[in-house]
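Residue numbers (my numbering), protein chains in the order written: chain A, 10 to 934; chain B, 10 to 934.
Simulated from the structure, these hints should not be mistaken for lab results. Hints are supplied without guarantee of correctness; some may be wrong.
Because identical chains share one entry, a pair is satisfied inside a single copy or across any pair of copies.
The calculated lysine to any residue pairs, modelled on SDA-like cross-linking and capped at a C-alpha distance of 25 Å, are [what the hints assert, rightly or not]:
#1 Lys642 x Glu437
#2 Lys349 x Asp195
#3 Lys710 x Gly510
#4 Lys275 x Asn327
#5 Lys237 x Gln773
#6 Lys886 x Glu856
#7 Lys852 x Pro733
#8 Lys63 x Gly560
#9 Lys319 x Ile640
#10 Lys584 x Arg168
#11 Lys710 x Leu689
2 protein chains.
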Amino acid sequence: MDTKYVYFFREGNAGMRDLLGGKGANLAEMTNIGLSVPRGFTITTEACREYYAKEQEFPEGLWDQMMPAVGVLEEEMGKRFGDLENPLLVSVRSGAKFSMPGMMDTILNLGLNDQTVEALARGTDNPRFAYDCYRRFIQMFGNVVLEMEGFRFEEILERAKEAQGVQYDSQLSTESLQGLVESFKDLVLQETGNPFPEDPLEQLRQSVEAVFRSWGNHRAVVYRRANKIPDDMGTAVNVQAMVFGNMGDDSGTGVAFTRDPSTGEKVLYGEYLMNAQGEDVVAGIRTPHPIRSLEQENPEIYNQFVEITKTLEGHYKNMQDIEFTIEKGRLFILQTRNGKCTISAALRIAVELCREGVIDREEAVRRVDPYQIGTLLHRRIDDKAVLNVVATGLAASPGAASGKIVFDADTAEERGLAEEKVLLVRMETTPDDIHGFLAAQGILTSRGGMTSHAAVVARHMGKPAVCGCEALKIDYASKTLTIGDTVYHENDVLAIDGGTGRVIVGDVPMRDPELSQEFLAILEWANDIRNLRVLANADTPPDATVAREFGAEGIGLCRTEHMFMDPSRLPTVRKMILAQTLPERQEALDELLPWQEEDFYGILKAMQGLPVTIRLLDPPLHEFLPDVDGILKALAELRTRKAALEGLTDEGDQIPGGDPPEGEGAGDHRDADQSEEAKLAQALLLEIQDQIFDQEVLLRKVRALHELNPMLGHRGCRVGITYPEVYAMQARAIFRAAARLTREGVTVYPLVKVPLVAHFREMQVMRDVVVAEAQKVSSEMGIEFPYQVGAMLEVPRAALTADEIAEYADFFSFGTNDLTQMVFGFSRDDAEGKFLPTYTSEKILPENPFAVLDAEGVGKMMKIGVDLARKVKPEIKIGICGEHGGDPASIQFTETIGLDYVSCSPFRVPVARLAAAHSALQMRE
Amino acid sequence: MDTKYVYFFREGNAGMRDLLGGKGANLAEMTNIGLSVPRGFTITTEACREYYAKEQEFPEGLWDQMMPAVGVLEEEMGKRFGDLENPLLVSVRSGAKFSMPGMMDTILNLGLNDQTVEALARGTDNPRFAYDCYRRFIQMFGNVVLEMEGFRFEEILERAKEAQGVQYDSQLSTESLQGLVESFKDLVLQETGNPFPEDPLEQLRQSVEAVFRSWGNHRAVVYRRANKIPDDMGTAVNVQAMVFGNMGDDSGTGVAFTRDPSTGEKVLYGEYLMNAQGEDVVAGIRTPHPIRSLEQENPEIYNQFVEITKTLEGHYKNMQDIEFTIEKGRLFILQTRNGKCTISAALRIAVELCREGVIDREEAVRRVDPYQIGTLLHRRIDDKAVLNVVATGLAASPGAASGKIVFDADTAEERGLAEEKVLLVRMETTPDDIHGFLAAQGILTSRGGMTSHAAVVARHMGKPAVCGCEALKIDYASKTLTIGDTVYHENDVLAIDGGTGRVIVGDVPMRDPELSQEFLAILEWANDIRNLRVLANADTPPDATVAREFGAEGIGLCRTEHMFMDPSRLPTVRKMILAQTLPERQEALDELLPWQEEDFYGILKAMQGLPVTIRLLDPPLHEFLPDVDGILKALAELRTRKAALEGLTDEGDQIPGGDPPEGEGAGDHRDADQSEEAKLAQALLLEIQDQIFDQEVLLRKVRALHELNPMLGHRGCRVGITYPEVYAMQARAIFRAAARLTREGVTVYPLVKVPLVAHFREMQVMRDVVVAEAQKVSSEMGIEFPYQVGAMLEVPRAALTADEIAEYADFFSFGTNDLTQMVFGFSRDDAEGKFLPTYTSEKILPENPFAVLDAEGVGKMMKIGVDLARKVKPEIKIGICGEHGGDPASIQFTETIGLDYVSCSPFRVPVARLAAAHSALQMRE
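Bound conformation, chain A alone:
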């Protein structure tokens, strides 16, 4: 028997993509579930392969199969090729197994000729439409089938527009279009030596062959190479009847969703226009009607359509986005696909489809995109707001905020206490600004990256922040902010969107976070699916409480440095750092101990029954000190004042400008009582000299602690090694809190995490320090409590020697922020401001590796570490903390290398729970 090259749509199904291509299989599927799809047939990919196998000859027997297929098509549509009343027009489209958008050719309105164009004009009562279709068809046919150069047609078109004195194609009159048809046909004759084929069958034959040919065209070949699609698959060709919604008042066209794509509510949602083509709806020339009006206008069609939507949802088990056309009272479905909708709608639809029994819980969970749900967890700018965006910085801490701008923390605090809404604007922030953070709605800085002080603190306070917005020129002296040519003064209102980095002028409508019932249901179902535990990064009891509410199963990272940055403690912390001797340092540590103990008491209590992983002090010590620039500026000012005062006291009788408190009005009595003023100046001078001395001492100490590359400097357990008393104090505080709570009947699980381990000896020594404190506290207080001591794996060497370190660690936690920095050799602060934007825009890197874990590099490093650790301690718990712990793609990667948990900021916990469920589902597949 001859090979079957031609399949009617009703003969195929969705599973036949190899033979019918993606589009053909989809048309077959729709036809088979009983939809009134415009009829047609698919020429198989095998025919295309045969075409190439026979050196581009029309496959033997294909035409013999097409001829009867055309007959059946004519029959089914009640139209005929070349018919003067009711001509059949078809589209001829390519359709390979894998979608290659725009790479191959398509021909529409095939079947038009000098006769049928008139029939179309009459049928639509729109000669302009008919002739426009016809001239486009000739142009497309000439270009695609006859391989004529496109610009030849364009030239003629341009001339026609000039002749008519119009600018756009759409302004051409029917007469012009008729003239164009003639000119195009002349061009075809002239260029090819043959007249334009008026016989629809001839048009069809040539078009099918052209589609076969387009599989081999240059851009398609390049596309396949780039996308690793084999060259020998071939394309199918779909021949489908055209239908027209502009065939009179019993015709029309529309688009509908089976549920409301904004809210997810189960109502038919969409719009339609009678006697119109799809383009008319899109072009907005006429206002479409809501779909419900169709019930009045044409109840039969409406009911038919409602039935179809039910069938489609039932078949595709998802909300459908459906395009339809009504031709002379006959309803055709042109396309259906899963509808795009807002994340709130997606949640509701998934949950309701599940409750309706259409999908199961796993599928419902699978339907909700973890990337999107993150936006529901923060205050955000209303989608409908019109925004005056004046600058863009780094999206440093999600959420939106607006307020009057202020330029220092003290003002922010003052206004904040007065219940004013303020936005703190700084070039960069330091620990001295913390009270300003607390009082402000959000933070905006002109310098610093995603790990700058401002960004880190804001994220952990849950404050919106935009950082490193280099377009801002901030002048503290004049309290102004200049963007481009516009100057903003203190109290002007700006808004920021910390989720996108936008800076917006004026107040902006906001929406509060949403934690709908559907959201909670999906998260609940996700819990039953996921393998990864989800912990939270939280540093304070309120953070811990939020984390718990969001479903965190413990704390994976409690940073202790933020506890040190509390303004009331900072002086003691600085005393500890600047201590020159152990007794001096110990004295400061003894002061810090009760504070730390209360910190840990609060967190352990908030998380009772759940593990709390506390990381010992990590950042470079100088982060707790004032910066050199500030000291230098203070010194410069002091010296200027000193110079001025010296002028005064040296000369004995004149005040030489400067900043005397009297101001200008004081000039009058300059000559009077000079010696009194000189004495005052002398006293002032002495005081200034004292201040200069103090600043100089501070400067020397700060300079001595200065580091060229603090990220790689004296921090983490290196501080623990050089000053074990610091870690001992922290461990003591943790265990005293644990002991007290245990005595009070509260179950606690403190886990102590040693940061920045690079060598097993560090871990060995640090473990000894921690264990010694645990034993001391336990025996002093006469109470036992559980605890573990583990290591952060954030230095490449730690991953490379994880087997050695595992001997001294009860658990491991990948610090992927630092690990990414070190594996890439990228300082995040510098990279994100200086070269990473180029790297992602030039596609040197597919993504910012600080946002999405770099599986090929950083991930490989992690896998090495996991495999080594598990070799010596198969049961050791290994997790990841840091921002990747809240990123869905990264979460999935961690599951593939066998991690046990992820830990992320409290607001990302729901995202992580859902992403972990997705990851588990993917692993099963």
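We have chain A already, so just place chain B on it with the hints.
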């Protein structure tokens, strides 16, 4: 048959360490080559194991084997246990397979009792000596064998000294010692309930058991655990006759080397004393005679000894260090070992032994320590000099230098040009100081680490430097340097030793580098052995020439940044960096091109026929800019002057102090012609305002380029990605130089190395840039030349993805300095000043990983990279450059992971050649 537990020395040999322990096997070996070693026997380790197997019972049959052995010993020595005339005294020493120095017990002079002590007194004619031996023996026996607490004996000893009114043991009279013997014996009776055993056999039995027991003592167990020595090996026990050199004028003792340990000359070298014990020679109470005097004094003994030395050299095939004793005219060899000597001597001995046919070339090469020969390659402080070391910094660049101290580069240059010897002392250096480097003998800085500007530049100029010497307080204003309480002024003479970091007051005698014939011979022989190629790191034609003379086989790393730091080019470099637009930058690059071209022309020519690997620009751009502190200081000064001047011009009639050029004497005409002065001041003010503006602009630009972690910042190929025109210019300069030389008939092999690659896409893009320039130059100049493009592997991610990168790289070069920084997460500059000293002193790390490659971590990372690369490109050449390339242990490691070459600084090339030969020899074994 019973197990043989007792071996006479003559029954063993060097190969029996398992059974006889190290010491026993060695005594056996000496005995067997016919030396008159004091006779004795060894009790096997098996006996010890049996002792432990039987719950610490004296092994059955052991005593039965020991008794006859003692008889034979008495026979051979002509002495008897307990003999009243000629008593046999023995030592009982432990001796395990692996040396455990000081961990187990030893008993000397066993056999002494109330009778034999008198015989010893008579024989040595030294009752004090005899009683001192006796009381020590009782003390040692009591302590070790009877397990009495040592302090009990010490208390009695202290009382005896008090009673006699003396301070030291050696001042005790014979009578006191006799009294002590009685008191000690009383103590033994009182503490143990038994009298001190006077029977030598009883003493022996108990001592042997005590040595067995000491295998299990606490410190030995701890030592074995630390050194991974199995607990079940057991120790052997050596029983050996004591001999005494103080038995009269026919007795004596001495030490001799078979060759001169200072020069290596083949002469007997050593000294001896007649009628003396070894301690007398060491104590320096009497002056020993040179060994040659023995020829006159006792020709028979002398000739006998000379024969023995020849035998020993022949047997051990090495210069020997021999201890001997003559007892009553009978020569005993107590010990022989390979002699320690200077590196110059070691070279000469190795070469001469080879020429004498005693050892082959491989062995000669093996004999010379590559670590030591490094010192021969620099000017160094004479070993005999007495030094007044006042401070120690980092040994930043080897070699010694002395000179008058100066505090700025300009002065250094001025004085240097006047042929004065100066030492440039700075807090830290910048590119602006280069001319000072050139003029100075050496560099001394108070800040910065091994990779600070000063250290890096000094190493590559071959200038001695001590850096980061924090004890120095430098005051530029007063041109003073304070160390402790001492102030040094400009022109005071200091010296530095860049090999050790010492800072020395005053001029110091120096020795020039030595490249003896023997040195050259060893290097020549090393060439025939080694597998690794040895290249040099050289940045200039003179460096390249030195490298070639030292035997470098090409240049493995030519840094281009030092070319940029030339003071005459720096302004153009800064223009390039500060350019805001591409045309601006291109203009600066066009100026730099001809300079770079000449640089490369010179180096390629100097290395003609050999490969030259040129690394494209690597450091962060701000390294070429003035630093913020300097600008801020300049600004502060300008502002102070401005404030002062404003006082003047505002008031209109007074100069209010400050720094007007007139000075104090100008006060007279203050009242005259005020408007003239005011005008001047006004003009000055305007000028200062201009300067302030310029500095502010510069400050803003420098700040914009400022990085928080420049090591991980915008540098290396990241600059190449963001500003491809910079790398294009460098590539163009390289290829233009190559084309010109090729045209001139010079063979060139330029290799272009892309720094800091982390992702294959970087390499792909950079390769395209370089190749495009090569093709352009080639077609412009009509000439072909060979070239390769490779990558530095210095970022962990590059090693992790070396397979991907290899597709775009012709070769790889590990930059182990940066790789170590990133694998450890250590910034070298910060680590070496702040915490690495603690890390090495506390044994957290065995070595400074920047000096000795960390095989377990960094090395593992490298191996991952090598294996991945070779998987896709088996023939790809991979090497290492950076300081590890000159470190012998690191060189050996590179060979084990299959690298092809090492590249090190020119002065380390001989070290590397020798180390590579050692490594090859080790690989064969």
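message: Hint by hint, where does the structure go against what was stated? Just the numbers, ascending.
response: Violated hints: 2, 6, 8, 9, 10 and 11; rest satisfied.
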